[in-house]
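Visitor: The residues making up each chain are set out below.
Protein chains: 2
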Amino acid sequence: MEEKIILTRDLSSSAAEADFEEISLFFEEKIREKRYRELKELIATIPSADMAEIFENTDKAHQSTLFRLMSKEAAADAFTNLQPDTQRRLIESFTDIELSEILEELYIDDTVDLIEEMPAIVVKRILKSSTKEDRDVINTILRYPKHSAGSVMTTEYVRFLENMNVEEALTHIRRVAIDKETIYTCYVTDRDRHLLGVVTAKQLLTAELDTPLTDIMDEGIIYVNTHDDREEVAHKLNRYGFLAMPVADSEGRLVGIITLDDAVDVIKEESEEDFAKMAAITPTEAPYLKTSVIKIWLARLPWLLILMLSSTISSTILGGFEAALPAVLVLFVPMIMGTGGNSGGQSSVTVTRSISLSEIEFSDIGRVFWKELRVGLLSGGVLGVVTFIKVVLIDKLLLNNPSITVLVAGVVALSLTVTIIAAKLIGAILPILAKKIGLDPAVMASPLITTLVDALSLVIYFAVASATLPV
Amino acid sequence: MEEKIILTRDLSSSAAEADFEEISLFFEEKIREKRYRELKELIATIPSADMAEIFENTDKAHQSTLFRLMSKEAAADAFTNLQPDTQRRLIESFTDIELSEILEELYIDDTVDLIEEMPAIVVKRILKSSTKEDRDVINTILRYPKHSAGSVMTTEYVRFLENMNVEEALTHIRRVAIDKETIYTCYVTDRDRHLLGVVTAKQLLTAELDTPLTDIMDEGIIYVNTHDDREEVAHKLNRYGFLAMPVADSEGRLVGIITLDDAVDVIKEESEEDFAKMAAITPTEAPYLKTSVIKIWLARLPWLLILMLSSTISSTILGGFEAALPAVLVLFVPMIMGTGGNSGGQSSVTVTRSISLSEIEFSDIGRVFWKELRVGLLSGGVLGVVTFIKVVLIDKLLLNNPSITVLVAGVVALSLTVTIIAAKLIGAILPILAKKIGLDPAVMASPLITTLVDALSLVIYFAVASATLPV
Chain A
2 MEEKIILTRD LSSSAAEADF EEISLFFEEK IREKRYRELK ELIATIPSAD MAEIFENTDK
62 AHQSTLFRLM SKEAAADAFT NLQPDTQRRL IESFTDIELS EILEELYIDD TVDLIEEMPA
122 IVVKRILKSS TKEDRDVINT ILRYPKHSAG SVMTTEYVRF LENMNVEEAL THIRRVAIDK
182 ETIYTCYVTD RDRHLLGVVT AKQLLTAELD TPLTDIMDEG IIYVNTHDDR EEVAHKLNRY
242 GFLAMPVADS EGRLVGIITL DDAVDVIKEE SEEDFAKMAA ITPTEAPYLK TSVIKIWLAR
302 LPWLLILMLS STISSTILGG FEAALPAVLV LFVPMIMGTG GNSGGQSSVT VTRSISLSEI
362 EFSDIGRVFW KELRVGLLSG GVLGVVTFIK VVLIDKLLLN NPSITVLVAG VVALSLTVTI
422 IAAKLIGAIL PILAKKIGLD PAVMASPLIT TLVDALSLVI YFAVASATLP V
Chain B
2 MEEKIILTRD LSSSAAEADF EEISLFFEEK IREKRYRELK ELIATIPSAD MAEIFENTDK
62 AHQSTLFRLM SKEAAADAFT NLQPDTQRRL IESFTDIELS EILEELYIDD TVDLIEEMPA
122 IVVKRILKSS TKEDRDVINT ILRYPKHSAG SVMTTEYVRF LENMNVEEAL THIRRVAIDK
182 ETIYTCYVTD RDRHLLGVVT AKQLLTAELD TPLTDIMDEG IIYVNTHDDR EEVAHKLNRY
242 GFLAMPVADS EGRLVGIITL DDAVDVIKEE SEEDFAKMAA ITPTEAPYLK TSVIKIWLAR
302 LPWLLILMLS STISSTILGG FEAALPAVLV LFVPMIMGTG GNSGGQSSVT VTRSISLSEI
362 EFSDIGRVFW KELRVGLLSG GVLGVVTFIK VVLIDKLLLN NPSITVLVAG VVALSLTVTI
422 IAAKLIGAIL PILAKKIGLD PAVMASPLIT TLVDALSLVI YFAVASATLP V
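First to last, the sequence lines map onto chains A and B. Residues 2 to 472, numbered by our numbering, are exactly what the first sequence covers, in order. Residues 2 to 472, numbered by our numbering, are exactly what the second sequence covers, in order.
A couple of the hints might just be wrong.
Mimicking DSSO-like on lysine-lysine, the simulated pairs with C-alpha atoms at most 30 Å apart in a straight line are [said to hold, decoys possible]:
#	chain 1	residue 1	chain 2	residue 2
1	A	Lys61	A	Lys296
2	B	Lys147	A	Lys269
3	B	Lys181	A	Lys181
4	B	Lys203	A	Lys181
5	B	Lys61	A	Lys269
6	A	Lys203	B	Lys73
7	B	Lys296	A	Lys436
8	B	Lys269	A	Lys436
9	A	Lys203	B	Lys133
10	A	Lys35	A	Lys61
11	B	Lys147	B	Lys397
12	A	Lys296	B	Lys125
13	B	Lys203	B	Lys181
14	A	Lys437	B	Lys296
15	A	Lys73	B	Lys203
16	B	Lys437	A	Lys296
17	B	Lys61	A	Lys203
18	A	Lys147	B	Lys181
19	B	Lys203	A	Lys203
20	B	Lys73	A	Lys269
21	A	Lys296	A	Lys269
22	A	Lys125	A	Lys291
23	B	Lys397	B	Lys296
24	A	Lys291	B	Lys269
25	A	Lys437	B	Lys269
26	B	Lys181	A	Lys203
No lab work stands behind these hints, which were simulated from the structure alone.
Use the sequences and the hints to build the structure in full.
Guide: So, in structure tokens, the structure goes:
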């Protein structure tokens, strides 16, 4: 009965968390009943990515048993999909031999990812259990700056020498395929690993066997440098429609590749990071439901504190305002501050994303300014007029507030217009300046712009009101 | 001299917009000088994705000349990367024969994308210039709901019959490769197209030629349905590490595939849409610098208006507040409203993204509520205490405001704590409810939550103050 639930589980429907929890419970039961052979057969039918989910839901006490029931290849595959905490726990349960075996199955870039997440003592064990050759490669990759192409590349690519023909290339692939992250894009180099051309498996499969590689290879090589930004590289790979992007060192020698699926992870990770930063949250990698309350709290608290404390500036301005001007003006403070914040948010998010997607560079700052100025004038103009009408019709006539005069409506409308224009410009320009001086534009998008626009909108309101209204 | 600029242009460096503008100018000059042969040779060395950029920067009068200088394959490739406006203009300049030739080179899914962007009259011409067979496939794909897997799939995949062996499969690939979007993941089906297994080119390349496909194919097939959500499908493809995901109809018959590079486009498009919505902008697809001021303005204005008008609620509450309570309390309104907004924004963005990534479903609503309640209590608690100390030390003692008493500080702190807890819960729960009733959670994240939290924070402040302070 229960077995049936699992075996007929429709993998085509969206992978529901509940399913994995159910399967985990079922597996735990089998483990307690020591029905290992049966379990092993079942596990063999489940994709590694799903096994990783099942793992995360399995009781910690049973995880290593479950892991040992998987084939080495599948186990390694599932392992790379696990949360760092689970990976660490599993490694601690491994014997040295088991650890070596898993490491041997992992692609170098996955080992590097793993090492970056593990505490020092586990890293030491991982390096000790790797082969000398792998250790050297790992150390090289680890030395590349964070978020660089070098730090996410893998060195397991297929390389042909320039004097090979199609048949020799196919034989070479057959021999080395098992250890390579992709065999579909291969690189032709000279003996010093200088890139000469790119050959795809499609070209090899459709060409005559005796064709020299130099006849079919694509020589218009597009490559990136080890120090290029990984997000830029990922978008570039996608833009050119490649399955892999070659990474060369400063002398143009091929040192690694970045595959499309790793690029997808980079794109996803970077955009999730931007979402978090724009919402004033310190980015964390783990899924929400798997993150502890304390971790979520710590990721959010600092920004809330900074934003709250910086609002002292606004309060102080408002204090001076209240003492000097008619009380009725205070009614419109939330509207003006709010609309200013929204206007600034619109332009800052747009510009920040365009920077992330390499659509805007520092040299475009003038064009952006001019564009936002016009958008700001149009938006500010319309909202000013609407506000004027709204204040007169609704707040003055409908809600019958005697202290609202036509002049007050005019002050509110004008202040709003100026605030919107200023907010649009600040929101658009600050991220570009931030990027220029090496700060993260996405962080700019939230706290600093909000605080600035809030304070500025009050100053504008204050200035317009003092200039026009009798005190 | 000038030629040198282009030929030595380092394609490995980030593709700078300025470069493309320069090349476009250079090309326009060559066209005016009618040096077509030279230009043709130059163009042949430039990747199609770059040619698309150059196109966009080229004077409209010269675009069709430039296009005709490209090889058919490269032209079709570049064509799919163009902005809809440019595509339309080019099609209008094509003869019927030229249009047929380009359409023949396009993959079906690219033709469908094109049709979706073109005005009715152009669509009619495109369909007329397609083969009968293509037209039928296009019409089928167009009938799938927007944002469904069926609407983004392509029908150009490699299919083997179950009785073939490796050699026959390789021969088949050689024959059909040119027209297929990928040959790296192939599907084994029966005569009725029911999916039986998946075979990769890697498996074919490393197996003996006489091996039956049924021996090497992977039978644990993961597929999606034509009506599944395209974003879910894209993330699934990435999760399983596939290069392509098979799409089946309700009877389990293979009807198409979604390749990884198309999935990347879906992931990028959907997350850019979410960025826009969260910033209260109607999503547009074109890059910022290429979008007209009017279009940017129209995408932003409605939300600014809605948010502005809805702030009338807050103003009204504030009006009642001002009449009934000590004026000093108004000073802290921006801080309480702002912190409430930020707290709600943090939880709503987190939850909305988790929904997009299929990490949270409706059944998780209880867990989310409980998590956010605890995060809210912790955040609210700390910020309340900090606010109390800040108000007493800075606003009362340092800034020497005599109307701020310890009781006022207490009211402000308590109101803030309650506001934060309420905002976190609203921000987290509303997107889940929105998704449940078929609304877009990302739209919820911004306007509605902001308006609700703003009004609510004032009500809370009002209630706490009236209950504790002497009027």
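Visitor: Could you run down the list of hints and mark each one as holding or not?
Guide: Hints, verified against the model:
1. A:Lys61 with A:Lys296: Holds. Lys61 of chain A to Lys296 of chain A sits at ~21 Å (cutoff 30 Å).
2. B:Lys147 with A:Lys269: 23 Å, holds
3. B:Lys181 with A:Lys181: 24 Å, holds
4. B:Lys203 with A:Lys181: 10 Å, holds
5. B:Lys61 with A:Lys269: 36 Å, violated
6. A:Lys203 with B:Lys73: 19 Å, holds
7. B:Lys296 with A:Lys436: 26 Å, holds
8. B:Lys269 with A:Lys436: 22 Å, holds
9. A:Lys203 with B:Lys133: Holds: Lys203 of chain A and Lys133 of chain B sit about 28 Å apart, inside 30 Å.
10. A:Lys35 with A:Lys61: 17 Å, holds
11. B:Lys147 with B:Lys397: Violated, at about 58 Å.
12. A:Lys296 with B:Lys125: Outside the cut-off at roughly 56 Å; violated.
13. B:Lys203 with B:Lys181: Holds: Lys203 of chain B and Lys181 of chain B sit about 17 Å apart, inside 30 Å.
14. A:Lys437 with B:Lys296: 28 Å, holds
15. A:Lys73 with B:Lys203: 19 Å, holds
16. B:Lys437 with A:Lys296: It holds: about 28 Å lies between the C-alpha atoms, which stays within 30 Å.
17. B:Lys61 with A:Lys203: 36 Å, violated
18. A:Lys147 with B:Lys181: Outside the cut-off at roughly 38 Å; violated.
19. B:Lys203 with A:Lys203: 11 Å, holds
20. B:Lys73 with A:Lys269: Measuring from Cα to Cα gives roughly 34 Å; hence the hint is violated.
21. A:Lys296 with A:Lys269: Status holds; Cα separation ~21 Å.
22. A:Lys125 with A:Lys291: 27 Å, holds
23. B:Lys397 with B:Lys296: Outside the cut-off at roughly 49 Å; violated.
24. A:Lys291 with B:Lys269: Given that 30 Å is the threshold and the Cα spacing comes to 24 Å, the pair holds.
25. A:Lys437 with B:Lys269: 25 Å, holds
26. B:Lys181 with A:Lys203: 10 Å, holds
Violated hints, listed in ascending order, are 5, 11, 12, 17, 18, 20, 23; each of the other numbered hints is respected by the structure.
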